[in-house]
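S.K.: Sequence:
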Amino acid sequence: MTWPIAEIDDVARLRVLAAAQPSAVFADGLVDAPFETVWAVAADLERELPVLLPDVRSLRLTAADGERLRARARGYGGLRAQFDIVLRPGWCVMQSRFLLGGMAAVRVGDRTRFAFLGGFRFPGVRLLRPVLTPVGRAYAPMVLRRLRDRLGTS
70 MTWPIAEIDD VARLRVLAAA QPSAVFADGL VDAPFETVWA VAADLERELP
120 VLLPDVRSLR LTAADGERLR ARARGYGGLR AQFDIVLRPG WCVMQSRFLL
170 GGMAAVRVGD RTRFAFLGGF RFPGVRLLRP VLTPVGRAYA PMVLRRLRDR
220 LGTS
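Quick note: the sequence shown uses our numbering, first residue 70, plus one each step.
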């Protein structure tokens, strides 16, 4: 007997991760640029993440072992976090003690489907959902807009 195999692309996988996280905000959309161009910007975490994320002042890589990285991030409000990161073409997931973030991209012809995920990781986060949901609805699409602006696309 042969079992069926279900394969999903990285954007769909990030959507599943977002669905499993109670506080997650998620947005995806088509970017009118080739995958290589989009991912070159998204994967340049130190330079581009502070441009894409409005609440990140800086991110510095502190260690690298293949696709596994560590980084220290600083926010504008003075918050700091250490992140464990998995970064490979089309896939980036970052988690700290209290935060979860991710980006994914897949080719769609000569364009790219790009996705962003952000969320909190702490006990009781479900109680904050009524407050976080409206903020997330604005935040996640803003990241996509900033990426498109950075690339000069629509």
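Don't read these hints as lab results, they were simulated from the structure.
Predicted, not measured: the structure shown is a model, and the values here were computed from it.
Do not rely on the hints blindly, as some may be mistaken.
Simulated restraints, written as ranges between beta carbons of each label pair [stated by the list, open to error]: (1) P158 x R215: 18 to 24 Å; (2) I74 x G178: 30 to 36 Å; (3) E105 x A81: 17 to 23 Å; (4) E76 x R143: 24 to 30 Å; (5) W72 x R219: 27 to 33 Å; (6) A133 x R215: 22 to 28 Å; (7) P73 x R126: 29 to 35 Å.
Even glycine gets a Cβ: it sits at the ideal position worked out from N, Cα and C.
S.K.: Are the hints correct? Go through all of them and say.
M.R.: Each hint tested on the structure:
1. A hinted range of 18 to 24 Å for the beta carbons of P158 and R215 is consistent with their spacing of about 21 Å.
2. Taken as a hint, the range 30 to 36 Å is violated for the pair I74 and G178, whose Cβ atoms sit roughly 25 Å apart.
3. Distance hint check: the CB atoms of E105 and A81 are about 21 Å apart, consistent with the given range 17 to 23 Å.
4. Distance hint check: the CB atoms of E76 and R143 are about 38 Å apart, inconsistent with the given range 24 to 30 Å.
5. Restraint check, W72 to R219: a C-beta distance of roughly 43 Å breaks the suggested window 27 to 33 Å.
6. Checked against the hint of 22 to 28 Å, the pair A133 and R215 passes, with Cβ atoms roughly 25 Å apart.
7. For the pair P73 and R126, the beta carbons lie near 47 Å from each other, so the given range of 29 to 35 Å is not met.
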